[in-house]
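> Residue strings, one per chain:
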Amino acid sequence: MNLKAKLVCMLVLFFSISVMSQDEFVLEGVVTSQSDNQPIPGANVVVVNTTNGTSTDFDGKFSITVSNEDVLEFSSLGYVKQLVIVNGQTSLNVSLEVDASQLDEVVVIGYGTQKKSHLTGSISKVVNEKLDQIAVSRIDDALVGQVSGVNIQATEGEAGSAPTITIRGFGSINGASGPAIVVDGVVVDSDYLGNLDMNDVQSFEILKDAASAAIYGAEGANGVIMITTKEGKEGETRFSYNTYIGFKTARQSDAYKFSMADHARNEAAWNIANGTTGLIDNLSEDTRYKLLIGVDQDWQDIIFDGGTITSHSIAARGGNSKTKYSTSLKYLHDEGVLLTDDFKSYSLKLKLDTQASKKFKVGLSITPSYSLQKRFDGSTHDILRQSPWLPLYHTDHTIQFVDRANFPDVQVGDYAVQTHFNNYALLPGDTNADVDISSTSNTNPGAKVLERDRLYHKYKLLSSVYGKYDFNDNLTLTSRFSASIQKTNQSRWQGLLAHKDAASRAFLRLENQTRTKLINDNYLTYNKEFGKNEVTATAGITLQSLNTKFDRQTGIGYTSDAIQDLSAATSISTWDSYKVERNKIGMFARVNFAHDDKYLATVSLRRDGSSVFGSKTKYGYFPAASIGWNIHKEDFLSNSDVISKLKFRASYGFTGADIFNTSGPLVDNYAYLALLNQVTATVDGTTATGFAAINIANPDLQWERSGEFNPAIEFGLFNNKISGSIDYYKRTSDKLLLDNPISSTTGFTSALVNRGEVVNSGWEFELRTKNVSNENFSWSSTFIGSLNENELTSFADSNGQIQSVDSKRASEWINLEGNPISSFYGWVVDRDIPLENLNDPFRLAGLEAQDVYVKDLNGDGLIDDEDKTILGDPYPEFVWSVTNQFKLGNIDASFMFQGSHGAEVRNMGDQYLFNQFNSGADFNTTSTPDQQFIKAKIFTDDIIQDASYVALRNVNIGYTFSDDLISKLNVSKLRIYFSGQNLMYLTADNYTGLNPESINNTSPTTYGYQRAGSPVFSTVSFGLNLDF
Amino acid sequence: MKKINILILGFMTLFVMSCGDEFLSPLPESSIVTDTYFSTDAELEAGIIAIYDAIQGQNSTSTTASRGVINEYYVTEMRSDNTQTKSSEGEAAEFESYTITANNGIIADYYRSFYKVIFRANTVLESLDVATDANRTAYEAEAKFTRAYAYFNLVRLYGDIPLVSSTISPADTDIQYTRVATTQVYDLIVSDLETAIAGLTLTNRNRGSKAAAQGLLAKVHLTLGNYTQAQVLCESIISSGNFDLAADFTELFYTEANAETIFSIGYTTGLTADSQFFSAEWMNAVGRTSGVNYVTQDAVDVLEALGGSRVVESYRIDPFQTQFFQVIKYLPNGEDGGANGKTFVQDAALSGNDWIVLRFADVLLMHVEAIMGGSGSTSNSNAIASFKRVRDRAGLPTPAVITSQELLDERRVELAFENQRFFDLVRFGQAQSVLSTFASANGLSFSSSDLLLPIPQYEINLSNGLLTQNPIN
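Chains A and B, in that order, give the protein sequences. Numbering of the first sequence is given in this note's numbering, commencing with residue 1 and proceeding in unit increments. Numbering of the second sequence is given in this note's numbering, commencing with residue 1 and proceeding in unit increments.
Chain A on its own, in the form it takes in the complex (with noise of 0.2 Å):
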């Protein structure tokens, strides 16, 4: 086109445009899917040769500026372009046809994408539709029974703490057993699944197996998540607001309800069946001087005192054909349920994507963020378990029975302390005062937690930069570059008044640590179709750096409260520092072939180098293949009524872990060299500086290795309204990196060494069903399910180890090959000790005895360590979830129901709360028979409980404004929700705890222990939705 041509092109455009511009008019309409009548969001509505464009709302709505003569197209991924005349029409129904070309959706894949209908491996793809309407702190708590084979636990249970997510089992006794977090293509810590925000994620793949997880290598282990965050979309500017409010209340054991009244109750009871004389109102001295006091409560009702949970996102996303971008800004605040515990979360992120030039794009990502966690610091079995007669604070009545010759200036307000209760005079003018009740020196168990302070700050900055060239239609160089920055800062402050010893033990700790990692990816990517085959290569190198410098110091000395800075210490008891570095090459291929969509295969190879490792071993291959069988796309099934989906698809690879947590991170990063570190000594006063080996070098250590069986099927009947998968997975987790014990006459413990053997194996199931769906009603469900089975096969010079976890109340677990990597161990229970027997039946808990009969299992007559057996195991044979999703014109609604089973927990709380560690017998040592066969409960399966729960996990209904008000308010979408979560949460019948979630330590060789720990909550909570 010559320049003059040119020119009266855009003089006719000018003049077009200022005539149209005469009659234009809005019109509307909705825009659905031919297949099912359902809207479809997000799809583009244009006016043909112009710039003019929108596209549809979360409910398939359009409203766009036009005249007559405009031809509007109609164009969503998946569907067939429809082009309409406008010819007068003010509104505008659309219903596009499937394309069936581009019907597959996209997957993305570590380093790639791919057309799902090509997966060969097992990857779960969650879309983020209503994620981010649950209200909790994290996004990894919304995932809870989202993805078979993925189980996701509340271990910690604080606000903002991360859960334990394990995938197809635990697989690593030193090594991580959490999956690998990829955002955009960045491998990051998991610690960043408590900054980013929700509302700004798109998709969640899950690369489950390992061949699909091989092309992480030494990341994928453990299977990888990746996350996809929101891109803008071309168009005007969108703007979205979400938030809500939740309000969160604990959920109270009530075996863990002790009151004064009860317990009175059952002591006169008592008293009176046996005739005791001599009492008044048959109770103890101490029962009614305690009852005097006039105090009962729950300590329950003190600690678990709910809190409210709100959330605020922003949300700005558009752009042009060329330059698409996305900008948000969150604020969460959620209180948690526990006295002291809070976590404030803020983040802001800003994605950018353009086309510089027709075969190059660049792209920018970043993300910074803060976040703000108060921890509980402290034990709820520690507070629980104290007296309902003790008051957090003196009050004007509880204040005239403080025992005022040892404790002079205790006054109202005060926290109560029970030696202040002690030698008391309870009768009048008894000048023999004598009823002590203390039954500790400690302070108060609120003191505890309301006198410490724990906070982390934590400063995150995720950012990236990418560059894409197209050498041809084929061929794409992919660069990136990324570096994440994180910061923590703890500080721990104990009170003069948290510690029965007072300003003793006051102390200042502060925590500082900072990784930086550095990542550079650059792979190239090559599609080709040759006739029916499709071909796609990748191959690439990544270069990672991670650099984590850490120091501590702990202050103590301090005087007051009213300074809580290492400056108001009198002297520093701890400090030391550490600065590690960790780097990482990887080189991978991969070729994914389809020939016809029918038959296909990818293969794939990965050499990782670490410098965790020496020069010999410095190096593993981690190599994948995978096969599939799209049956439905053979002729004997294309014309098939029932059958519209049958996929085959098997898959075995290998994936590789160099990150386990022995010796501390010294000998955990530089595991082949002989390490010195520096110690100290006192020498006549002064200290003095020595330098002592902490490792025995291990040149030969190697990569953990894990290989993986996947066979699955695929089907949808009925043209797809019924669908799933059904997979089998066996992993073999092999040279797993032990810290092995050796003799201690070496002048060590233990030793690195590469063996040991876990297996897990198991089924996956997902059913989706579309029950109903017509344009006034829809109904759809969706069942998951997982059965998993962890087996410790070798376990080198530690199998059959017994550990406990607390010396002092050593209860045992054992790690012995043929069985879960941790088993309970201890004697079996027989029969409870006769009341009649106990020395005192009505302590506190009530008709608990510590001690109870067990069993002689090899009948010789006494009980010893050949009668202990194998208890339970803390790992879930089953994990399921069934989720209903409705919609009646205007109101949404789903619910999940989530379950776990085949779990015991070590309740240790009821070992605590039932006060049964006291090392005397509680029983008559005269008259009770047969005490050669009775044991302290402890070490016995009393407190083995089966921790399945079935829950009530998430319920939403939302109400979606009508067009007509949404116009008036010139808004897009308005939309208002109800959601709970866990509003109904069912544990097993012998379960006496707060939460059979919850697992104080996460060690995986004495996994399972419970210590009271944070109870489960309900969460019921408002939200809206706003788009503009």
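A couple of the hints might just be wrong.
As the list claims (entries may be wrong) - Simulated coverage check for chain B against chain A, where a stretch passes if three residues somewhere in it have a Cβ under 8 Å from a Cβ of chain A: (1) 162-169; (2) 272-279.
Claimed, not checked - Here are some chain A residues the structure puts well away from chain B; computed CB gaps all over 12 Å: (3) V46; (4) G278; (5) L291; (6) Y456; (7) K618; (8) A681; (9) K721; (10) V882; (11) P929.
These aren't lab readings, by the way, just hints derived from the structure by calculation. Where a beta carbon is used, it is the ideal one built from N, C-alpha and C, also for glycine.
We have chain A already, so just place chain B on it with the hints.
Okay, now just chain B, sitting in the frame of chain A:
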């Protein structure tokens, strides 16, 4: 463009190929790699300090920590008639009831702690060739002094033990699990201490000195019945004039730079890395236990009868629970805990009291023991003179003839709660009779197998049957 990109890729690949190994082998900045260390005198000296760090032990709650000498009272004093737990709780109570199981964590802790001392000493001994001629002898002497000290404790507690005289690897299972006869262990101890006496020049109380080595060797010889050698060694210390008795126990235990202490393990108040927590444990639930190393009624009776002025400086009634008795020789940082005995200004669990291993009064009494030479009594004037110095300080008269029983009793009250009693009973051949009587008086039973600690089950399990256990009943 295409060419440029291929060039870039090619360059990247070259970079990875060429710089890869360097990129993948960063050296730690917060640690030292052994091959590059121990090459100068200063570094060897640092290796020697590390030995004392191991003796000092870790002030830690970890189940795998090595608490060194901090936990020694469990395996010595609490197995004697001197002390017990307050509440008979847990594995701590196994010592007083003579029911120590091979799984007891404290015996494993002591075993690994002192083999760690031996390992660190061996590390220094193996690097001696890098020392300058001027210092090599002194370094060797000091390392051997500490190694002998560790073996002397281990051999008396566990009997026949593995003899590790050089650093070994995990593969050297023969050495790790072969129990060598005590005579062989003593051969190494005597030879190490003789080297130490010849080479030690230091005068620090917290490090090995010539007098410390002489005193230790004197005790070794007394244990072996070599009375003449022991007498010569004690006299050498006495006549050196470098040591004298402190005025009283207050000075001895609370003024650490005193004339009486010959060898003690140094601690510093308030430093997690260099403090001890036994002082806190001995109080009423101030430490991690509810109270251990509480004084038995038997010890109270003997102290009251024979202690003289030492009584009020040795034990007290627990102010918080007046039916119990506490040791007051190592009150946390010298603080008495106020009216309830539990209130301290400085954190008691970070105490800085040095632990006295050898003091002049012990040498004086060993001198008497050496002269007595296994007979039932002595009236030797040199023996009487040494005995008198100890008795005088306690404000007690000195008899003209000292019987073996009087000497044993004197050692009990003078060195009460200093981890000497159990070894004294064994050395005097009285352990079986005295502890049997004591045990049955308390409803317990003591048998000859209780004279030795079990070998830790941890070691037995690892040895695949190579390592034999002491008799347990």
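> A separate judgement is required for each hint: does it hold in the structure or not?
Okay, the hints, checked on the actual structure:
Three residues within the 8 Å Cβ limit are the bar, and the region 162-169 of chain B against chain A gives 5, so the coverage statement holds. With 4 residues carrying a beta carbon less than 8 Å from a beta carbon of chain A, the region 272-279 of chain B meets the three-residue requirement, and the given coverage holds. Interface exclusion of V46 (chain A) from chain B stands, the closest Cβ pair being 32 Å apart, more than 12 Å. In this structure G278 (chain A) is separated from chain B by more than 12 Å, as the shortest Cβ-Cβ distance comes to about 26 Å.
Distance check on L291 (chain A): its Cβ is at least 27 Å (rounded) from any Cβ of chain B, clearing the 12 Å threshold; non-interface status holds. At the 12 Å boundary, the C-beta of Y456 (chain A) stays outside the reach of chain B, the nearest C-beta of that chain being 22 Å off. Distance check on K618 (chain A): its Cβ comes as close as 6 Å (rounded) to a Cβ of chain B, failing to clear the 12 Å threshold; non-interface status is violated. Non-interface call for A681 (chain A) relative to chain B: violated, since the shortest CB-CB distance, roughly 4 Å, does not exceed 12 Å.
Every beta carbon of chain B lies more than 12 Å from that of K721 (chain A), the smallest distance being close to 48 Å; the non-interface claim holds. The claim that V882 (chain A) lies off the interface holds: its Cβ sits roughly 43 Å from the closest Cβ of chain B, which is beyond the 12 Å cut-off. No Cβ of chain B comes within 12 Å of the Cβ of P929 (chain A); the nearest lies about 22 Å off, and the non-interface call holds.
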